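Chains as they are written, first to last, in the UniProt record's numbering: chain S, 1 to 348; chain G, 1 to 803.
No wet-lab data here; the hints were simulated from the structure. Small disclaimer: the values here were computed from a predicted structure and weren't measured. Treat the hints loosely; a few may be bogus.
What the hints assert, rightly or not - Selected chain G positions facing chain S (Cβ under 7 Å, derived; list incomplete):
hint, residue
1, E26
2, G448
3, A473
4, G477
5, Y478
6, T547
Claimed, not checked - Simulated restraints, written as ranges between beta carbons of each label pair:
hint, chain 1, residue 1, chain 2, residue 2, range
7, S, L99, G, F712, 38 to 46 Å
8, S, K299, G, N9, 39 to 47 Å
9, S, T102, G, A542, 22 to 30 Å
To be verified - Derived SDA-like pairs (lysine to any residue); straight-line CA-CA distance at most 25 Å:
hint, chain 1, residue 1, chain 2, residue 2
10, S, K299, G, V430
11, G, K571, S, F340
12, G, K24, S, V307
13, S, K280, G, A218
14, S, K150, G, V430
15, S, K188, G, T496
16, S, K299, G, Y487
17, G, K109, G, D128
18, G, K625, S, P109
19, S, K280, G, T20
20, G, K412, S, V307
21, G, K609, S, R339
22, S, K223, G, V430
23, G, K24, S, G283
We put the CB at the ideal spot given by N, CA and C, even for glycine.
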Amino acid sequence: MALRERLQELHDRGLADIKKGDSLDRINEIRVQLLGKKGPITQALRGLRDVSAEERPKIGSFANQIRDELTAAIEERNQELKKAAINAKLASETLDVTLPGTPVAQGQPHVIQRIIDQLEDMFLGMGYQVVDGPEVEDDHHNFEMMNLPKDHPARDMQDTFYITPEILMRTHTSPNQARAMEAHDFSKGPLKMISPGRVYRRDTDDATHSHQFHQVEGLVIDKHVTMADLKGTLEMVAANLFGDEFDVRLRPSYFPFTEPSVEADITCFNCMGKGCAVCKNTGWIEVLGAGMVHPNVLKMAGVDSSVYGGFAFGLGPDRFAMLKYGVDDIRNFYLNDTRFLTQFYKRG
Amino acid sequence: MKVSMDWLNEYLTLDVDPQTLGEKIERTAVEVDQVYKMSDGMSKLVVGETLSVEPHPDSDHLHICQVDVGEDEPLQIVCGAPNVATGQKVIVALPGAWIAGHHKIKKSKMRGVASNGMLCALQEIGFDEKIAPKAYDEGIYILPADSENGSSVFPILGMDDDIVETDLTPNRGDMNSMNGTAWEVGAIYGKTPKMPTFSLNEDGSRKVSDLLQFSVDAALAPTYKMRVVSGVTIQDSPLWLQKRLWEAGMRPINNIVDVTNYIMLTYGQPLHAFDYDKLSSHHIHVRLADAGEHLTTLDGENRTLRDSDMVIADDKHAIAIAGTMGGLDTEIDDNTTTIAIESAIFDPIKIRKTARFFNLHSEASMRFERGVNKDDNQNALDHAAALMAELGLGQTEQGTGVGSDTPVEPAKVSVTLTRINHVLGTQLTVDQVQNIFDHLNFPTDNDGETFNVTVPARRWDIHIEADLFEEVARLYGYDNIPSTLPYGTMTPGALTFKQRIIRDSRRLLEGAGLNQAISYALTTTAKAEQFMMRDSEPTELAFPMSTDHTTARMNLISGLLDDIAYNVARKQKNVALYEQGRVFYRDGDAIRPLEVEHIAGAVTGALTKKTWHAEADTVDFYGIKGIVDLFLHDMGLSKPVHYEATQAHAQMHPGRTADIYVGDQAVGFVGQVHPEIASDYKIPDTYVFELNLQALIDAPHDQQQYEPISKFPDVTRDIAILVDQSVTNADVVALINKRGGAHLADVQLFDVYEGVHLPTGKKSLAYTLTYRDRQATLVEADVTKAFDKVTAALEKEFDAEIR
Numbered sequence: 001m002a003l004r005e006r007l008q009e010l011h012d013r014g015l016a017d018i019k020k021g022d023s024l025d026r027i028n029e030i031r032v033q034l035l036g037k038k039g040p041i042t043q044a045l046r047g048l049r050d051v052s053a054e055e056r057p058k059i060g061s062f063a064n065q066i067r068d069e070l071t072a073a074i075e076e077r078n079q080e081l082k083k084a085a086i087n088a089k090l091a092s093e094t095l096d097v098t099l100p101g102t103p104v105a106q107g108q109p110h111v112i113q114r115i116i117d118q119l120e121d122m123f124l125g126m127g128y129q130v131v132d133g134p135e136v137e138d139d140h141h142n143f144e145m146m147n148l149p150k151d152h153p154a155r156d157m158q159d160t161f162y163i164t165p166e167i168l169m170r171t172h173t174s175p176n177q178a179r180a181m182e183a184h185d186f187s188k189g190p191l192k193m194i195s196p197g198r199v200y201r202r203d204t205d206d207a208t209h210s211h212q213f214h215q216v217e218g219l220v221i222d223k224h225v226t227m228a229d230l231k232g233t234l235e236m237v238a239a240n241l242f243g244d245e246f247d248v249r250l251r252p253s254y255f256p257f258t259e260p261s262v263e264a265d266i267t268c269f270n271c272m273g274k275g276c277a278v279c280k281n282t283g284w285i286e287v288l289g290a291g292m293v294h295p296n297v298l299k300m301a302g303v304d305s306s307v308y309g310g311f312a313f314g315l316g317p318d319r320f321a322m323l324k325y326g327v328d329d330i331r332n333f334y335l336n337d338t339r340f341l342t343q344f345y346k347r348g
Numbered sequence: 001m002k003v004s005m006d007w008l009n010e011y012l013t014l015d016v017d018p019q020t021l022g023e024k025i026e027r028t029a030v031e032v033d034q035v036y037k038m039s040d041g042m043s044k045l046v047v048g049e050t051l052s053v054e055p056h057p058d059s060d061h062l063h064i065c066q067v068d069v070g071e072d073e074p075l076q077i078v079c080g081a082p083n084v085a086t087g088q089k090v091i092v093a094l095p096g097a098w099i100a101g102h103h104k105i106k107k108s109k110m111r112g113v114a115s116n117g118m119l120c121a122l123q124e125i126g127f128d129e130k131i132a133p134k135a136y137d138e139g140i141y142i143l144p145a146d147s148e149n150g151s152s153v154f155p156i157l158g159m160d161d162d163i164v165e166t167d168l169t170p171n172r173g174d175m176n177s178m179n180g181t182a183w184e185v186g187a188i189y190g191k192t193p194k195m196p197t198f199s200l201n202e203d204g205s206r207k208v209s210d211l212l213q214f215s216v217d218a219a220l221a222p223t224y225k226m227r228v229v230s231g232v233t234i235q236d237s238p239l240w241l242q243k244r245l246w247e248a249g250m251r252p253i254n255n256i257v258d259v260t261n262y263i264m265l266t267y268g269q270p271l272h273a274f275d276y277d278k279l280s281s282h283h284i285h286v287r288l289a290d291a292g293e294h295l296t297t298l299d300g301e302n303r304t305l306r307d308s309d310m311v312i313a314d315d316k317h318a319i320a321i322a323g324t325m326g327g328l329d330t331e332i333d334d335n336t337t338t339i340a341i342e343s344a345i346f347d348p349i350k351i352r353k354t355a356r357f358f359n360l361h362s363e364a365s366m367r368f369e370r371g372v373n374k375d376d377n378q379n380a381l382d383h384a385a386a387l388m389a390e391l392g393l394g395q396t397e398q399g400t401g402v403g404s405d406t407p408v409e410p411a412k413v414s415v416t417l418t419r420i421n422h423v424l425g426t427q428l429t430v431d432q433v434q435n436i437f438d439h440l441n442f443p444t445d446n447d448g449e450t451f452n453v454t455v456p457a458r459r460w461d462i463h464i465e466a467d468l469f470e471e472v473a474r475l476y477g478y479d480n481i482p483s484t485l486p487y488g489t490m491t492p493g494a495l496t497f498k499q500r501i502i503r504d505s506r507r508l509l510e511g512a513g514l515n516q517a518i519s520y521a522l523t524t525t526a527k528a529e530q531f532m533m534r535d536s537e538p539t540e541l542a543f544p545m546s547t548d549h550t551t552a553r554m555n556l557i558s559g560l561l562d563d564i565a566y567n568v569a570r571k572q573k574n575v576a577l578y579e580q581g582r583v584f585y586r587d588g589d590a591i592r593p594l595e596v597e598h599i600a601g602a603v604t605g606a607l608t609k610k611t612w613h614a615e616a617d618t619v620d621f622y623g624i625k626g627i628v629d630l631f632l633h634d635m636g637l638s639k640p641v642h643y644e645a646t647q648a649h650a651q652m653h654p655g656r657t658a659d660i661y662v663g664d665q666a667v668g669f670v671g672q673v674h675p676e677i678a679s680d681y682k683i684p685d686t687y688v689f690e691l692n693l694q695a696l697i698d699a700p701h702d703q704q705q706y707e708p709i710s711k712f713p714d715v716t717r718d719i720a721i722l723v724d725q726s727v728t729n730a731d732v733v734a735l736i737n738k739r740g741g742a743h744l745a746d747v748q749l750f751d752v753y754e755g756v757h758l759p760t761g762k763k764s765l766a767y768t769l770t771y772r773d774r775q776a777t778l779v780e781a782d783v784t785k786a787f788d789k790v791t792a793a794l795e796k797e798f799d800a801e802i803r
C-alpha cells in the first residue's frame with residue numbers, strides 16, 4: 001500500500017477509535033499509540049525516505065495534516081469527556097434545596113422599644129434631643145413643679161407609689177420637663193426634647209392596667225411656639241406610627257401642667273371611624289394628652305413665661321403598641337413570653 | 001353627668017340631634033361617654049290595666065290577671081308580684097317584647113295556665129337597683145292612673161328621652177349642673193340659655209333668724225345659709241320630678257329629699273335637708289370634729305371622725321359630715337313637718353379628704369370638691385324652699401339664716417389679641433374673639449387689642465390669661481387651628497454618646513440571639529437583693545399594691561429569671577433574653593437611690609434548636625461567656641478585659657462564675673445560676689451575665705484608627721503543653737504574651753484535653769501562636785528563637801511538659 005493510503009487509513013481508523021474512546025485514559029492510550037514516537041504515523045513518516053523527491057513534500061505535508069487533525073480530535077474528545085465527568089459529578093451532588101437552612105440565632109427588640117425607637121428617630125430628625133431622668137423622683141419635680149401642689153384633686157388621677165412622703169416612683173415622665181427646663185440655656189436656642197421612660201402607678205395589674213408602663217414626654221420651648229405647632233407635631237406622630245390615612249382630632253382636656261390642654265384621638269383603625277367595640281362606637285381612639293405649657297410650670301422652672309412658651313405632650317408606647325398591633329392584654333409586655341417577644345419583626 | 005335632652009331643651013332651643021350634640025360637646029368642652037335612651041334595646045312595653053286578678057289554683061303566690069292593653073280582648077297574664085291588684089295601671093311586656101338584659105318575652109304557660117306577656121318591675125325594664133324608687137323594690141311598678149291603655153310606657157317614664165352622658169375633667173365642675181351645661185352648650189351654639197325661674201312666697205309666720213342661730217367657721221364654710229319650710233307633708237314626688245332624677249341616675253326618695261337632689265342637678269349646689277324638730281338645739285355649728293367623735297350617717301354606719309373632718313353640729317353633737325353625708329338622727333322621715341334646708345360652700349380639700357377616708361364619694365361631695373357656683377347659692381336655696389313648700393303643701397318661713405357669706409370677687413383677666421394669636425398660631429380678629437367671650441356670657445370690653453374679661457363665679461377655673469386662650473381655642477374649634485411645625489433656630493438632633501452605646505448594646509445582644517425583655521422593676525425585697533454587684537440598702541414602697549412588687553430592683557437577673565420561669569412553665573425550653581435597664585442602689589441613710597444603667601442576659605436551653613442538619617446550639621458557661629466576649633469587644637474599651645473565677649456571688653454556681661474586669665475595675669459577672677436558686681425559680685440550668693453598663697459607658701474608649709494590613713505573611717507555630725489542672729488558660733496566655741517577643745501577634749487556644757490518657761491532675765492545652773512582622777518577611781530562625789523562649793518559659797514557670 002502506498003504511504004499516502006496508509007496514512008489515510010491511520011487517519012480514518014484513528015478518528016473512529018477516538019470517537020469510540022469513553023474515558024480519558026483510553027483517549028490518552030490512543031494518543032500515545034497513534035502519535036507517540038513509536039506510533040504508526042511516526043513510523044510511516046520514516047518511510048518518506050523511500051518516496052520520490054517531488055512527492056516527499058506533498059506526503060510530508062499530508063502526514064502533518066493528519067497528525068494535526070488527530071491531535072485536535074483527541075483534544076476535542078478529551079474536553080467532551082471532562083465536561084461529561086464534571087456534569088456527572090455535579091449531578092451526583094444535587095441537593096434537596098427545599099430542606100430548611102441552618103438556623104442563625106437572632107433576637108428581637110421588645111415591641112415597646114420598637115415604638116420608642118421609632119419615635120426617637122422621628123424626633124431626632126426634627127432636631128429634638130432625647131433626655132432622661134430619674135425613675136425614683138421627688139414629689140417636688142413629679143408634682144409640685146408640674147403645678148400639682150399637695151391636695152390638688154388631679155393627684156387622685158395618679159395613684160402614686162410613695163417611698164417616703166417626699167420620694168416616689170415617678171408617675172409620669174413630665175418631671176423631665178422641669179429638669180430639662182432648669183438645665184437648659186435659652187440663650188443658646190430653643191429647648192426641644194423628648195423623654196421616654198418607665199413610669200409607675202399604684203394600680204392592680206389586669207388586662208388594661210399595669211403598675212409599670214412607659215411614657216414618652218415631649219417638650220418644645222422657644223419664643224414663639226404655637227398651639228398650631230403642637231397640632232402639626234401630633235399629626236406627624238400619628239402619621240409616623242400609624243400611617244397617614246388616619247385623621248387626628250384634638251379635643252379639650254385638663255392637665256394641671258398645660259393650659260390649654262388637649263387630648264388627641266385618631267381614627268379608630270379597627271372600623272376606620274365607623275364605630276365599633278374597640279372605639280366604643282365613637283370612631284375615635286384616644287392616643288395622647290398634650291397642651292401649651294402652663295405659665296406656672298415655666299415660672300417654677302425659672303423660665304420667663306412672658307418671653308418663652310411652648311407645648312408639651314405625653315404619650316404611652318404601651319397603649320400605642322396595644323392599638324397598633326392589637327395586643328389585648330398589657331401584661332404581655334412585662335411577662336416576656338418568648339412566643340410574644342419574637343412576633344414583632346415585620347416592617348409595617 | 002347624665003344630661004337629659006328634654007331638660008336641656010327647657011334652657012335652649014337646639015335644632016340638633018343628640019349624637020351630633022355629643023360629638024360637638026366632646027370636641028369643644030368635655031368628653032362624652034355615651035349618648036343613649038333608657039329604652040335602648042327594649043320594645044313593646046305598653047300601659048295595661050288589670051281588669052281582674054285571681055289567685056292561681058296551683059300556686060300560693062302567682063296570680064292570673066286579665067289585662068286591658070287597649071286591644072279588643074284583654075290579655076291573660078300570670079304574675080308573681082306581691083303588689084298586683086285589680087284596677088292598676090301596669091307596665092306590660094307584650095308577647096315578642098324585649099326587656100332588659102336582652103330577654104324576649106314569649107307566650108307561655110305557667111303551671112298550666114296560659115300567660116301572654118309579663119307585668120314588669122322597673123328593674124326588669126332596665127332601671128338600676130340604685131335608681132328605682134324604694135317603694136317598688138319588691139314588686140311591679142304602678143303607672144299614673146291617667147295613663148292610656150296600650151300606649152308606650154317610654155314617654156311616661158322618660159325612657160325615650162335622649163341622655164348625653166358627659167365625663168367631666170376636674171376643672172369643669174361647672175358642668176356638673178344643668179345650668180352650667182346649658183351655659184356651655186349655649187356658648188357652643190351661640191345661644192343664650194333661659195335659666196330656671198321660680199316664685200318664692202315667704203308665707204310662714206316665723207322668721208328664720210328666730211328659729212336658728214349659727215356659729216360657723218368661715219374658713220371651713222365660706223358660705224353657710226339655711227331656710228326653713230314648715231308644715232310639710234312627706235309624700236312621693238310627682239312623676240316629672242322622679243323622671244328628672246332617675247334619668248340623671250339618682251333614686252327618688254320623697255318630695256323633700258328629691259327637691260334637694262333636683263336643685264343640686266339644676267344649680268350644681270348640693271343641699272341638705274334636716275328635720276328641724278329632731279335638732280337637739282337650734283344653734284347650728286360648722287366646726288371640725290373632735291378626734292374620736294361618733295356619728296351614725298344616713299347609711300346606718302357608725303363613723304368615728306377625725307379632727308380633720310368637718311361636721312355640722314347642734315349644741316350637743318354632730319348631725320352631719322359636712323358636704324359628704326347627713327346624720328341618721330336628723331333624717332327626713334314620714335313624720336317630718338319642718339325642714340331646715342342647708343345651702344353651703346365647704347372647703348373642697350377637706351371634703352375630698354373626708355370623702356376619700358370614709359370612701360363616701362357622693363354626688364354632693366363630688367360637687368363640693370370640684371367647686372360650687374357662689375352666684376347661685378342663694379338662688380338654689382330659694383328655689384328649693386319654694387319647691388318644697390309647693391310639693392309638701394307647706395310654708396316657707398321668712399328670710400334666710402346666714403352663718404357665713406364670704407363674698408367672691410369675680411376674676412378680671414386681661415388678654416391681648418396679639419397674645420392670643422401668638423400662642424394659638426391663629427389669625428383671629430377682634431370680633432371673633434369678642435364673640436366667643438359674648439357667647440360664654442363673660443362680660444368683656446375691648447379697645448381693639450386688649451380684652452378685659454370679667455369671669456362669672458360659675459367658671460371658677462378661669463383666672464389667668466392662659467385659661468382664656470383655652471376658651472378661645474376650644475370655642476373657635478381645634479379643627480380650625482392650622483397645622484404647622486415649630487420653626488426657629490435649628491437644633492441638632494443626635495443621641496448622646498451614652499444613648500448611642502445603650503442602643504448599640506441592644507443591637508449587639510439581639511445579634512447574638514437574645515430577645516429584649518422588659519421586666520418589672522419593682523419586685524420582692526428578696527429578689528431585689530439577689531445577684532447584686534455591690535452593697536446596697538433596698539428602696540421599698542411605703543404602701544405596695546401587691547407583695548410581688550414592693551422593692552426597686554438592685555439587679556436585672558432576678559427579673560429575667562422570673563421571665564424564664566414564666567416561659568418554662570409554658571413549656572418553652574429554649575429561652576434567651578436580655579434586659580437593659582436601671583438598678584437602684586441606696587447607700588446607708590440616703591433616701592433616694594442611685595440609678596445605674598445595667599445590662600444583663602439569661603439563657604436556658606439552646607440559642608438554636610437541633611435540626612436535621614445541625615446540632616442544637618446549647619448554651620453553657622462558654623456559650624454565655626462568648627456572648628459577653630463579643631459584647632465587650634464591640635464596646636471598644638481601651639483597657640483589657642479579663643475574667644477571674646469567683647465564689648463571691650451567693651446566687652451563682654461557685655465553680656462556674658467569673659467576675660469581669662476592665663483593667664482593674666470590676667464591671668460584672670458571668671456564669672451559671674446556682675442550682676439551688678434555679679430550683680427556687682423552678683427553672684432548669686440557666687446561664688447569666690450582668691454588666692454595669694454605666695461603668696462601660698464611663699470607661700475610656702479607644703479612638704478608632706485604621707491599622708494597615710501587613711504585606712508580609714504571618715507565620716504560625718502550634719504548641720501543646722501538659723500542665724497541672726490548677727494552671728489556668730489566662731495564666732498561660734499571659735506568659736506566652738509576656739515572653740512571645742516583638743513579633744508575636746496573636747495567641748489562640750485550639751484544644752483543651754483532660755481525661756484518662758493523661759496523668760492525674762494534669763491537662764493538655766494547645767495553642768496556635770501567630771507571628772507577624774509589618775516591615776519584612778519573618779525569618780524562620782527568628783521565629784524559632786522566639787518560640788523556643790516561650791517554650792522554655794512555660795517549662796520553667798508552669799513545669800509544663802511540651803508535647
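Against chain S, run the beta carbon of A473/G and see if the smallest gap drops under 7 Å. holds (5 Å)
For the pair supplied as a hint, K625/G and P109/S, confirm whether the alpha-carbon distance does not exceed 25 Å. Within the cut-off at roughly 21 Å; holds.
So the hint says 39 to 47 Å: do the beta-carbon atoms of K299/S and N9/G match that? holds (45 Å)
Indicate whether the distance between the beta carbons of L99/S and F712/G respects the range 38 to 46 Å. holds (44 Å)
Supplied contact hint for E26/G, tested at 7 Å Cβ to chain S: Nearest chain S Cβ about 6 Å off; hint holds.
Given the proposed pairing of K24/G with V307/S, does the C-alpha separation stay at or below 25 Å? violated (34 Å)
Is it true that the CA of K280/S sits at most 25 Å from the CA of A218/G? violated (46 Å)
Holds or violated: K280/S to T20/G, with C-alpha atoms at most 25 Å apart: With a Cα-Cα distance of about 16 Å, the restraint between K280/S and T20/G holds, given a limit of 25 Å.
Quick check on the hint: G477/G CB to chain S CB, less than 7 Å? violated (9 Å)
For the hint on T547/G, just tell me whether its beta-carbon gets within less than 7 Å of chain S. At about 12 Å, which exceeds the 7 Å cut-off, the nearest Cβ of chain S leaves the hint on T547/G violated.
Check whether the Cα positions of K609/G and R339/S lie no farther apart than 25 Å. Holds: K609/G and R339/S sit about 15 Å apart, inside 25 Å.
Do T102/S and A542/G keep their Cβ atoms within the hinted range of 22 to 30 Å? The hint (22 to 30 Å, Cβ to Cβ) is violated, given that T102/S and A542/G are roughly 54 Å apart.
This entry does not satisfy hints 2, 4, 6, 9, 10, 12, 13, 14 and 17, going by the numbered hints stated previously.
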